[in-house]
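Just so you know, the protein sequences line up as chains A and B, in that order.
Each residue of the first sequence is one higher than the one before, starting from 18 at the first, in my numbering.
Each residue of the second sequence is one higher than the one before, starting from 11 at the first, in my numbering.
It is worth saying that the hints were derived from the structure and are not from the lab.
Every residue, glycine too, gets a C-beta built ideally from N, C-alpha and C.
There may be inaccurate statements among the hints.
If you only want the chain B side, here are some residues facing chain A, beta carbon under 10 Å, derived [said to hold, decoys possible]: (1) Asn86; (2) Val89; (3) Ala116; (4) Tyr136; (5) Leu185; (6) Glu215; (7) Ser241; (8) Tyr254; (9) His277.
Here is what each chain is made of, one letter per residue.
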Amino acid sequence: MSLDYTAAEMMTVTAARALENGTTCFVGIGLPSEAANLARLTHAPDVVLIYESGTLQTKPNVLPLSIGDGELCETALTTVSVPEMFRYWLQGGHVDVGFLGTAQIDRYCNLNTTLIGDYREPKVRLPGGGGAPEIATNAGEVFITVKHSKRTFVEAVDFVTTVGFGRDGTARDGVPHIGRGPTRVITDLCVMKPDPETKELVVVSLHPGVTAEQVREATGWEICFAERLETTPEPGEQELEVLRELKARTARHHAGNEMGENA
Amino acid sequence: MAEFLSLHDAVARHVEDGATLAMEGFTHLIPFAAGHEIIRQGRRELTLIRMTPDLIFDQMIGAGCARRLIFSWGGNPGVGSLHRLRDAVEHGYPQPLEIFEHSHAAMACAFEAGAAGLPLAVLRGYVGSDLPKVNSQIKFIECPFTGERLAAVPAVRPDVGIVHAQKADRAGNVLVEGIIGVQKEVVLAARHSIVTVEEVVDDLEAGPNACVIPAWAIDAIAVAEQGAYPSYAHGYYPRDNAFYKAWDAIARDRESFAAWLEEHVYHAGGAA
Chain A
18 MSLDYTAAEM MTVTAARALE NGTTCFVGIG LPSEAANLAR LTHAPDVVLI
68 YESGTLQTKP NVLPLSIGDG ELCETALTTV SVPEMFRYWL QGGHVDVGFL
118 GTAQIDRYCN LNTTLIGDYR EPKVRLPGGG GAPEIATNAG EVFITVKHSK
168 RTFVEAVDFV TTVGFGRDGT ARDGVPHIGR GPTRVITDLC VMKPDPETKE
218 LVVVSLHPGV TAEQVREATG WEICFAERLE TTPEPGEQEL EVLRELKART
268 ARHHAGNEMG ENA
Chain B
11 MAEFLSLHDA VARHVEDGAT LAMEGFTHLI PFAAGHEIIR QGRRELTLIR
61 MTPDLIFDQM IGAGCARRLI FSWGGNPGVG SLHRLRDAVE HGYPQPLEIF
111 EHSHAAMACA FEAGAAGLPL AVLRGYVGSD LPKVNSQIKF IECPFTGERL
161 AAVPAVRPDV GIVHAQKADR AGNVLVEGII GVQKEVVLAA RHSIVTVEEV
211 VDDLEAGPNA CVIPAWAIDA IAVAEQGAYP SYAHGYYPRD NAFYKAWDAI
261 ARDRESFAAW LEEHVYHAGG AA
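Kindly generate the complete structure, drawing on both the sequences and the hints.
Following this line, the structure appears as structure tokens:
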């Protein structure tokens, strides 16, 4: 039996499945937050979600628009100060997985959320690093989820906001107390993992119906494929139902206090 | 000792042209009313400090208050860009803006170091990032005990720190609840501090471990109802997410921003 689902749903469900039950996860806003909460509402009821606003073990009923929505605080076990969050909980080694999005990513999993172009004369100024630079190095490992396109998957990022494995794949070598770094990248086309030796991203699994050619065309470098390339399992009925309900609830909630939407 | 002043008088007394000014509130309790008062009083050449500049600094930068910005994430949360900030960085409009860009972890540590009276903050941070190449305020030091290479950033010790909180009692003690961000750190790190509050009450009804800032650690308290709007005050009013979305179109265009500023700040008395 095959269900109807979108590429975006395939991405979110696959990203959610990456989170094991009982994991402590430091969650980025947007796609990572959607995936982490889907995990919590399906196979991983005991996953611990932490947001950088200080909300520990939060269980939002709707997805937050911002990293500090009241919903996160109201449904958290407790809320700590932002210095405590970064110093004790993240740097102190209590986070298993950092779950991040990005604007650009390169073959060594370096992330750029700072700018396109030159730093002093940017073509496009992006928001910046936020929590990501230290989440990526102080969490046990890092999952990245982002839509696949040539604009995002570039040969070399314009600026390393957040390190994956550096410009040559060796940035973590010999650094004490550093996490394993990115261990998987989940897109709407495929799943990638860094090669254990070179740290270059390799496609390990194509989503159903996606061809290797499609991935090549959406990637800004000559992407490698694993010898034993797998097909990502399809989303299940229950996962799709929960995801759609969560998104519908979220849309209703954020439309609830509509004011000057078209101003 | 905290002095109860009108918002106008608190800003007029403590915020001077050229000051370094930290205004905090991590998505929550952002002191918008105070920011608007600073715009109305025409303060210039400020060094603005906030982890997340948010709409408040977008407005102050667009209004020409800022010369310099110290920050760690400059987007419209969940929406996209801060267009007035981008216009200043990309095109020098309405004037060039010098930026010192950090990560959240570093800024949080820098506020904490400021509160602790230290000259610097030390963290396990910025490994492999290009940020140290473009921000002269990020250095690396060696731990004298283990030899580990650690990042160091200067403490934040602003001339003025401004935060918003839920309530003060009549003696001027302040209670902050919900997402507390770096509210306490900012007040303690700053030479002078202003706290705006939703209301003044007889009794804070604070638990023994609540985030309470004593009156004697604060310079001025001003009542500003809805003073954090369109961000929120836990227990008082929710974040107006729809306004945050609407801001994208308002701020994208110089003229629509100027019109918004005219109507909602210059001609809006003390209201947010």
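Tested hints:
1. Asn86: Since the shortest Cβ distance to chain A is 8 Å, the answer is holds.
2. Val89: 8 Å, holds
3. Ala116: Since the shortest Cβ distance to chain A is 8 Å, the answer is holds.
4. Tyr136: 6 Å, holds
5. Leu185: Violated - the Cβ of B/Leu185 stays beyond 10 Å from chain A, reaching only about 14 Å at its closest.
6. Glu215: Violated: closest Cβ of chain A sits about 18 Å from B/Glu215, beyond 10 Å.
7. Ser241: 8 Å, holds
8. Tyr254: At about 7 Å, which falls below the 10 Å cut-off, the nearest Cβ of chain A leaves the hint on B/Tyr254 intact, so it holds.
9. His277: Result: violated, 17 Å to nearest chain A Cβ.
Violated hints for the displayed structure, listed by number in ascending order: 5, 6, 9.
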